[in-house]
Amino acid sequence: GAGVSQSPSNKVTEKGKDVELRCDPISGHTALYWYRQRLGQGLEFLIYFQGNSAPDKSGLPSDRFSAERTGESVSTLTIQRTQQEDSAVYLCASSTDATGPYEQYFGPGTRLTVT
Amino acid sequence: ILNVEQSPQSLHVQEGDSTNFTCSFPSSNFYALHWYRWETAKSPEALFVMTLNGDEKKKGRISATLNTKEGYSYLYIKGSQPEDSATYLCAFHFNKFYFGSGTKLNVKP
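Chains A and B, in that order, are what the protein sequence lines are. So the mapping is simple: our numbering equals the position in the first sequence, first residue as 1, plus 113. So the mapping is simple: our numbering equals the position in the second sequence, first residue as 1, plus 6.
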């Protein structure tokens, strides 16, 4: 079946502009995660959604970052007033149940470059 | 903040060499430890999910061991091939996932 998809694959934006990143999880996966990887660093947790529960937003680095998910489907990550330090690869992952040690399935990522 | 360390940061080996790298994680409140392989221009792919102390998992030439009491996991690759070149990530799973910065493996033909 189809895997996790993300769009766009690449995004170049000017400092100060808003960007929206999209993630389509695997159908039926209740848990959805957003991560980012800045150059030379590890994967940094941003936010996760589990079913209809309130999302865990503890990893969002500032109030310029927000994310939404409609039910158990598509999620969008929005970055307002982008800064150069926001440049990173943004990865989305989904899994069948966040409460079990189930593996995550990752999308191909969105490479964001803020100039 | 949970600290997950991976070493070495990068590794260059010749085709046919066997190699191993380390993931260190907190030894308390253990739930699961995940290993992923991340090839350039592709998505991270799950290799192993490990939950039991002393557990050993194997997939082809790749295997992993787990010591939850001392807080480490080893990943072994036997007879490395160029297609094994990738970044290997471990993730400590406790409520959410805490990733290490990865070990970048380059296998030269």
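These are calculated hints, taken from the structure and not from any lab test. Any given hint might turn out to be false.
[Claimed, not checked] Covered stretches of chain B, going by a simulated chain A footprint (3 or more residues, C-beta under 8 Å):
#1 19-33
#2 73-83
[To be verified] The calculated lysine-lysine pairs, modelled on DSBU-like cross-linking and capped at a C-alpha distance of 35 Å, are:
#3 A:K124 x B:K110
#4 A:K128 x B:K65
#5 A:K170 x B:K84
#6 A:K124 x B:K114
#7 A:K124 x B:K84
#8 A:K130 x B:K48
#9 B:K84 x B:K63
#10 B:K48 x A:K170
#11 B:K63 x A:K124
#12 A:K170 x B:K110
#13 A:K130 x B:K110
#14 B:K102 x A:K130
#15 B:K114 x A:K128
#16 B:K84 x A:K128
#17 B:K65 x B:K84
#18 B:K114 x A:K170
#19 B:K75 x A:K128
From the three backbone atoms N, C-alpha and C, an ideal C-beta is built for every residue, glycine too.
To see whether the hints hold, each was checked on the structure:
With 0 residues having a Cβ less than 8 Å from any Cβ of chain A, the segment 19-33 of chain B misses the three-residue criterion, and the hint is violated. As drawn, the segment 73-83 of chain B meets chain A at 0 residues by the rule of a beta-carbon pair under 8 Å; below three, the given contact is violated. Restraint check for K124 (chain A) and K110 (chain B): satisfied, since their Cα atoms lie roughly 25 Å apart, inside the 35 Å limit. Simply put, K128 (chain A) and K65 (chain B) have alpha-carbon atoms about 45 Å apart, too far for the 35 Å limit, and the pair is violated.
Our distance criterion of 35 Å between C-alpha atoms is broken by K170 (chain A) and K84 (chain B), whose separation comes to about 40 Å. Proximity of K124 (chain A) to K114 (chain B) is assessed by CA-CA distance (about 33 Å); at most 35 Å being required, the pair is judged to hold. The suggested pairing of K124 (chain A) with K84 (chain B) is violated, with an alpha-carbon distance near 39 Å, which exceeds 35 Å. For the hint linking K130 (chain A) to K48 (chain B), the alpha-carbon distance of about 28 Å falls within 35 Å, and the restraint holds.
Taken as a hint, the K84 (chain B) and K63 (chain B) pair is honoured in the structure, with Cα atoms around 14 Å apart against an allowance of 35 Å. With a C-alpha separation of about 26 Å, the suggested pairing of K48 (chain B) with K170 (chain A) holds against the 35 Å cut-off. Restraint check for K63 (chain B) and K124 (chain A): not satisfied, since their Cα atoms lie roughly 38 Å apart, outside the 35 Å limit. For a cut-off of 35 Å, the pair hint linking K170 (chain A) to K110 (chain B) stands: about 29 Å separates their Cα positions.
Our distance criterion of 35 Å between C-alpha atoms is met by K130 (chain A) and K110 (chain B), whose separation comes to about 33 Å. For the given pair, K102 (chain B) sits about 30 Å from K130 (chain A) by alpha-carbon distance, which is consistent with the 35 Å threshold. Proximity of K114 (chain B) to K128 (chain A) is assessed by CA-CA distance (about 40 Å); at most 35 Å being required, the pair is judged violated. With a C-alpha separation of about 46 Å, the suggested pairing of K84 (chain B) with K128 (chain A) is violated against the 35 Å cut-off.
Under the criterion of a C-alpha separation no larger than 35 Å, the hint pairing K65 (chain B) with K84 (chain B) is consistent with the structure, at around 11 Å. Our distance criterion of 35 Å between C-alpha atoms is broken by K114 (chain B) and K170 (chain A), whose separation comes to about 42 Å. For the suggested pair K75 (chain B) and K128 (chain A), the alpha carbons sit about 47 Å apart, so the restraint of at most 35 Å is broken.
Hint violations for this structure: numbers 1, 2, 4, 5, 7, 11, 15, 16, 18 and 19, all remaining hints satisfied.
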